[in-house]
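Could you build all of it, start to finish, from the sequences and the hints given here?
So the sequence lines, in the order shown, correspond to chains A and B.
Numbering follows the UniProt record's numbering, in which position 12 of the first sequence is assigned residue number 12; successive positions increment by one, without gaps.
Numbering follows the UniProt record's numbering, in which position 142 of the second sequence is assigned residue number 142; successive positions increment by one, without gaps.
Some hints here could point you the wrong way.
Okay, the calculated bits of chain A under chain B, using three or more residues with CB under 8 Å as the criterion [claimed, not checked]:
1) 33-40
2) 259-268
Not everything, but these chain B residues come out facing chain A in the computed CB check (under 8 Å) [what the hints assert, rightly or not]:
3) His153
4) His622
5) Ala626
6) Arg627
7) Asp628
8) Ala630
9) Val635
10) Asn636
11) Ala640
12) Ala646
13) His647
14) Ala648
15) Asp704
16) Leu707
17) Ser709
Distance windows between CB atoms, simulated [as the list claims (entries may be wrong)]:
18) Ala238/A - Glu433/B: 20 to 26 Å
19) Arg32/B - Ala81/A: 42 to 48 Å
20) Ile256/A - Asn87/B: 43 to 49 Å
21) Asp258/A - Thr555/B: 53 to 59 Å
22) Gln97/A - Thr555/B: 46 to 52 Å
23) Phe639/B - Arg235/A: 56 to 62 Å
24) Pro46/B - Asp142/A: 54 to 60 Å
25) Val148/B - Gly251/A: 30 to 36 Å
26) Asp172/B - Gly251/A: 56 to 62 Å
27) Arg64/B - Asp258/A: 30 to 36 Å
28) Asp209/B - Thr52/A: 39 to 45 Å
Note that these hints are calculated values from the structure, not bench results.
C-beta atoms are modelled at their ideal positions from N, C-alpha and C, and glycine is treated no differently.
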Amino acid sequence: MDFLRPASWQEALAAKAEYPTAVPIAGGTDLMVEINFDHRRPDALLDLNRITELREWETGRQTVRLGASVPYSRIMEHLRAELPGLAQAAHTVASPQIRNRGGVGGNLGTASPAGDAHPALLASGARIEAVSVRGTRMIDVDDFYLGVKRNALAPDELIRAVHLPKATGPQAFAKVGTRNAMVIAVCAFGLALHPDRRTVRTGIGSAAPTPVRARVAEDFLTAALADGGHWDSGRPPAPSVAAEFARLVAGAANPIDDVRGTAAYRRHALGVLARRTLGWTWQAYREQDRSPACA
Amino acid sequence: MTDTTARPRTDGGVVAPAGGAVGTARTRLEGRDKVTGAARYAADVPFDGLAHGWLVLSTVARGRITSMDTAAVLGMPGVLGVVHHGNAPRLHPAGLFGPDGQLQLLQDDRVPHVGRPVALVVARTPQQARAGAAALTVTYAQEPHDTVFRAGHPAGRPAPAAPARPDADLGDVEAEIAAAPVVVDQRYTTPEEHHSAMEPHASMARWEDGRLEVVDSNQGSFMVARVLATLFGLDQEIVRVRAEHVGGGFGSKGVGPQLVLAVMAATLLRRPVRVALTRRQVFSTTGLRPATEQRLRLASDSTGRLRAIDHATAAFTSTIQEYVERNTEASNVMYAADAIRTRTTVVPLDLPTPGWMRGPGAAAGSFALESAMDELAQAVGVDPVELRLRNEPSAGPVSGLPFSSRNLAACLREGARRFGWADRDPRPGTRREGRWLLGTGVACGSYGAGALPSTAAITARADGSYTVSVGAADIGTGARTALALVAADALGVPPESVRMRIADSRLGAAWFAGGSKGTASWSWAVTAAAADLRERLASVDRVPPDGVTGRGDTTDAIGALGKQERQSYGAQFAEVAVDTGTGEVRVRRMLGMFAAGRIVNPLTARSQLVGGMTMGLSMALHEEGARDEALGALVNSDFAGYHISAHADVPDIEADWVEDVDDSNPSGIKGVGEVGIAGTAAAIANAVWHATGVRHRALPVRLDRVLESGFPAAR
Numbered sequence: 001m002d003f004l005r006p007a008s009w010q011e012a013l014a015a016k017a018e019y020p021t022a023v024p025i026a027g028g029t030d031l032m033v034e035i036n037f038d039h040r041r042p043d044a045l046l047d048l049n050r051i052t053e054l055r056e057w058e059t060g061r062q063t064v065r066l067g068a069s070v071p072y073s074r075i076m077e078h079l080r081a082e083l084p085g086l087a088q089a090a091h092t093v094a095s096p097q098i099r100n101r102g103g104v105g106g107n108l109g110t111a112s113p114a115g116d117a118h119p120a121l122l123a124s125g126a127r128i129e130a131v132s133v134r135g136t137r138m139i140d141v142d143d144f145y146l147g148v149k150r151n152a153l154a155p156d157e158l159i160r161a162v163h164l165p166k167a168t169g170p171q172a173f174a175k176v177g178t179r180n181a182m183v184i185a186v187c188a189f190g191l192a193l194h195p196d197r198r199t200v201r202t203g204i205g206s207a208a209p210t211p212v213r214a215r216v217a218e219d220f221l222t223a224a225l226a227d228g229g230h231w232d233s234g235r236p237p238a239p240s241v242a243a244e245f246a247r248l249v250a251g252a253a254n255p256i257d258d259v260r261g262t263a264a265y266r267r268h269a270l271g272v273l274a275r276r277t278l279g280w281t282w283q284a285y286r287e288q289d290r291s292p293a294c295a
Numbered sequence: 001m002t003d004t005t006a007r008p009r010t011d012g013g014v015v016a017p018a019g020g021a022v023g024t025a026r027t028r029l030e031g032r033d034k035v036t037g038a039a040r041y042a043a044d045v046p047f048d049g050l051a052h053g054w055l056v057l058s059t060v061a062r063g064r065i066t067s068m069d070t071a072a073v074l075g076m077p078g079v080l081g082v083v084h085h086g087n088a089p090r091l092h093p094a095g096l097f098g099p100d101g102q103l104q105l106l107q108d109d110r111v112p113h114v115g116r117p118v119a120l121v122v123a124r125t126p127q128q129a130r131a132g133a134a135a136l137t138v139t140y141a142q143e144p145h146d147t148v149f150r151a152g153h154p155a156g157r158p159a160p161a162a163p164a165r166p167d168a169d170l171g172d173v174e175a176e177i178a179a180a181p182v183v184v185d186q187r188y189t190t191p192e193e194h195h196s197a198m199e200p201h202a203s204m205a206r207w208e209d210g211r212l213e214v215v216d217s218n219q220g221s222f223m224v225a226r227v228l229a230t231l232f233g234l235d236q237e238i239v240r241v242r243a244e245h246v247g248g249g250f251g252s253k254g255v256g257p258q259l260v261l262a263v264m265a266a267t268l269l270r271r272p273v274r275v276a277l278t279r280r281q282v283f284s285t286t287g288l289r290p291a292t293e294q295r296l297r298l299a300s301d302s303t304g305r306l307r308a309i310d311h312a313t314a315a316f317t318s319t320i321q322e323y324v325e326r327n328t329e330a331s332n333v334m335y336a337a338d339a340i341r342t343r344t345t346v347v348p349l350d351l352p353t354p355g356w357m358r359g360p361g362a363a364a365g366s367f368a369l370e371s372a373m374d375e376l377a378q379a380v381g382v383d384p385v386e387l388r389l390r391n392e393p394s395a396g397p398v399s400g401l402p403f404s405s406r407n408l409a410a411c412l413r414e415g416a417r418r419f420g421w422a423d424r425d426p427r428p429g430t431r432r433e434g435r436w437l438l439g440t441g442v443a444c445g446s447y448g449a450g451a452l453p454s455t456a457a458i459t460a461r462a463d464g465s466y467t468v469s470v471g472a473a474d475i476g477t478g479a480r481t482a483l484a485l486v487a488a489d490a491l492g493v494p495p496e497s498v499r500m501r502i503a504d505s506r507l508g509a510a511w512f513a514g515g516s517k518g519t520a521s522w523s524w525a526v527t528a529a530a531a532d533l534r535e536r537l538a539s540v541d542r543v544p545p546d547g548v549t550g551r552g553d554t555t556d557a558i559g560a561l562g563k564q565e566r567q568s569y570g571a572q573f574a575e576v577a578v579d580t581g582t583g584e585v586r587v588r589r590m591l592g593m594f595a596a597g598r599i600v601n602p603l604t605a606r607s608q609l610v611g612g613m614t615m616g617l618s619m620a621l622h623e624e625g626a627r628d629e630a631l632g633a634l635v636n637s638d639f640a641g642y643h644i645s646a647h648a649d650v651p652d653i654e655a656d657w658v659e660d661v662d663d664s665n666p667s668g669i670k671g672v673g674e675v676g677i678a679g680t681a682a683a684i685a686n687a688v689w690h691a692t693g694v695r696h697r698a699l700p701v702r703l704d705r706v707l708e709s710g711f712p713a714a715r
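Following this line, the structure appears as structure tokens:
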């Protein structure tokens, strides 16, 4: 196995073009486990740890450009206000040691449906900055996950950063595991309220071959909130609306039975998480300043 | 400290004077070395010319090896040899307690289960050995296997009786049950569980000047050396085994497969060989707690006084060694009843051989008995603490023997007081806090105590120091420190003047760190050696340059002990919260009160008890080995899949003890390693019932089981 250690981003892109089967490694928190268990044996590893800009982020007027290797612990410490859903999800990633090493680029690169960052990325409407020697393209997160552990990157592309809209409203992330920490999600759910556009977005983890949005549930809730005048009044949606939203979220999943839980359990728990996150986010929406100027 | 001879003699030469070291909290002697990384574990010790062995494990659950392509592997970089059934040294029958089929490695072409070592690839580096092991092609003639355990399995047979505790047959169980107004009749199951010690097993073996030297990770170097000598047909005098630091054992570190294979390779290749297991290999090759299925029938009168206890248990074993999981021990000693019957069945399957795992027998047995007691309390309408007090026996319920000491009642009363039990509303499913339902539960536990023959020596030096030599093992328990305190008091000197030498087979015969009898056994020998030393010192004017040595051997004293019931006891209280939406169970607090004899070092004793309770919490909610029926293999053989409790699962746990004076052993020590896990799982499951109104008789109490049990029934 070759170990490539580019000193710069340009060298990294050149190396990836020359060795398209080389697997990028940054924190290594996922990839090293796979190598250790002999689940994969890449021809080459492409070490991105010398490329410091991958561990940096820029906060713009409307978006955060989050370097692919910014560790989860930094997201928790510094981006709680801008990216509350992702920061909450970061809290549930493995252990402090892993959170100091792992970043969103790794979750996207391995594209495991159980990756904790995915629901927040889906709910916020992230875009992935994919770069190769041929140039840069932005991939909408909705188009990024293609199958179990397969993503939309071309063989010569690397993830430079993730662009996330700064939160304009409350966001929440919830995860069920078979223990209270250090756990692969049985299922996970992210919800973001977008009061600026008067829409909601969702993300489901660990309950389908890929991370998915619950689009029918989003459309239902968006319409119900508009029809009921909830964005202006701040009144919480009726229990029947929350229940229908939960039912539609559960229906959007396509789970399996495995050692962590049954498909039936996952569907049920997703519905519970959907109802809860809706309650939490709406409560936060009511409590924040909703003067007409910024509603 | 040169004037040791001026100190008073001990009373009767055995009982220590009150020196004040025992009973005072002390940090571990080797604590600094451990936290700074200076302590070397078996896989850390360097040796010149060290080669590395890597296990090759069977991938079928039953069959024969038909071929092994060693030639291709022998040509690989760095590979020095492949040990397999065609070239391995022939072994003699041997084991810690009689011949053990597990140790007969690479002796024939039979494959008894998935994960049985079938070869060892030895190379210059661990990486080369691993590559060789991965490349070794083994072909099998596969045979149909059976790895699915159940109590009624046709292969089941009655277990041979335990020498000291045959099946109970007190009174007429059926008649009592037929006549009793209240009967609980339920089945309880526990899954396969794994020890999961932090340090994976590792051994180094080398021949030097015609002597076999071993650096090992084990629970008793003397007994390991004896087994090794028998196994390889060697004089025990030429076998030296050491295990200076051990990162946990929980019963799994007897004579490990890595040790036998390292000795084989060192013998064949004539160079030092180390074999260090990976975590997955630890899961496959170093024992487990077998799954159990237990039927409990309790019959009582209308006040809760027990008329009958009928406890039948079944557990699996392998086809190569009969391991018996003795779950019914507690039913023999916990409660008085007019009739008590116990039965134990073993079911041999194509699975790895189970072994002792912390609280063997008691951990799973107490789950069944103490859950059933909670069900009886519910049926009779008596508080579960009161129910247990009403059935407190005055002598061994089955044996009729006196208790050496027993203070379970004080554990229950003091525990109930501290926990705030008196205010408890017995009705289930009525306490709600937001999305959580709350409940509390209680359960008791016991574990056999006593001491087994050991030897020790103490050398007084001219500089005023004392060197204690005893074949003890410190597997993280704090035994080394505890024995220093015992020696200091027995000698009447400060602990700082005592140096400890342990974990070396050359230090003489000693019991191992097991059965909660290590510290009691070694302490007795150390106390006897101290008495002998003080007599010798009394007859010299001053300590000569090469020192004066006193020796102790407890064989005769232990042989002369009268028959008694000897157990540690405990009462555990737990509060849980159950998420009404997801079925997640969170333990909020636990309190364990124990009656465990004399506590040598409160700091490490508490750590042992809290550790046992934590392991019990893990057993209650998380631990479950999952096997694939088609392959017979463990699916979750790593810590991503096999869950032990994480810090975030472990709440405020408190362990404390009540006065418990056991005069039957001069050290008064009972042992605290295992009683901490006895009863924990039942206390938590009982609390889940109190929270939700749904009884969980299958461990672990998984969130999907909680939800799919019709929960919350009482909402």
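Verification of the supplied hints:
1. 33-40: Held - the segment 33-40 of chain A has 3 residues with a Cβ nearer than 8 Å to chain B, which meets the minimum of three.
2. 259-268: Since 6 is at least three, the answer is holds.
3. His153: 23 Å, violated
4. His622: At 5 Å from the nearest chain A Cβ, His622/B passes the 8 Å test, so the hint holds.
5. Ala626: 5 Å, holds
6. Arg627: 10 Å, violated
7. Asp628: The hint is violated - Asp628/B has no Cβ within 8 Å of chain A, the shortest such distance being about 10 Å.
8. Ala630: This hint is violated: Ala630/B lies away from chain A, its Cβ roughly 15 Å from the closest one there, beyond 8 Å.
9. Val635: 6 Å, holds
10. Asn636: This interface hint holds because 6 Å falls under the 8 Å limit.
11. Ala640: 6 Å, holds
12. Ala646: Where the cut-off is 8 Å and the nearest Cβ of chain A is about 4 Å from Ala646/B, the hint holds.
13. His647: Because about 7 Å separates His647/B from the closest Cβ in chain A, which is inside the 8 Å limit, the hint holds.
14. Ala648: With a minimum Cβ separation of about 4 Å from chain A (threshold 8 Å), the hint on Ala648/B holds.
15. Asp704: 4 Å, holds
16. Leu707: 6 Å, holds
17. Ser709: It is violated, given that the least Cβ distance between Ser709/B and chain A is near 12 Å, above 8 Å.
18. Ala238/A - Glu433/B: 20 to 26 Å: The hint (20 to 26 Å, Cβ to Cβ) holds, given that Ala238/A and Glu433/B are roughly 25 Å apart.
19. Arg32/B - Ala81/A: 42 to 48 Å: 43 Å, holds
20. Ile256/A - Asn87/B: 43 to 49 Å: Hint holds: Cβ distance 46 Å, inside 43 to 49 Å.
21. Asp258/A - Thr555/B: 53 to 59 Å: 54 Å, holds
22. Gln97/A - Thr555/B: 46 to 52 Å: 49 Å, holds
23. Phe639/B - Arg235/A: 56 to 62 Å: 47 Å, violated
24. Pro46/B - Asp142/A: 54 to 60 Å: 55 Å, holds
25. Val148/B - Gly251/A: 30 to 36 Å: 35 Å, holds
26. Asp172/B - Gly251/A: 56 to 62 Å: Holds, since Asp172/B and Gly251/A (Cβ atoms, about 59 Å apart) stay within the stated range.
27. Arg64/B - Asp258/A: 30 to 36 Å: 33 Å, holds
28. Asp209/B - Thr52/A: 39 to 45 Å: Given about 56 Å between the Cβ atoms, the range is violated.
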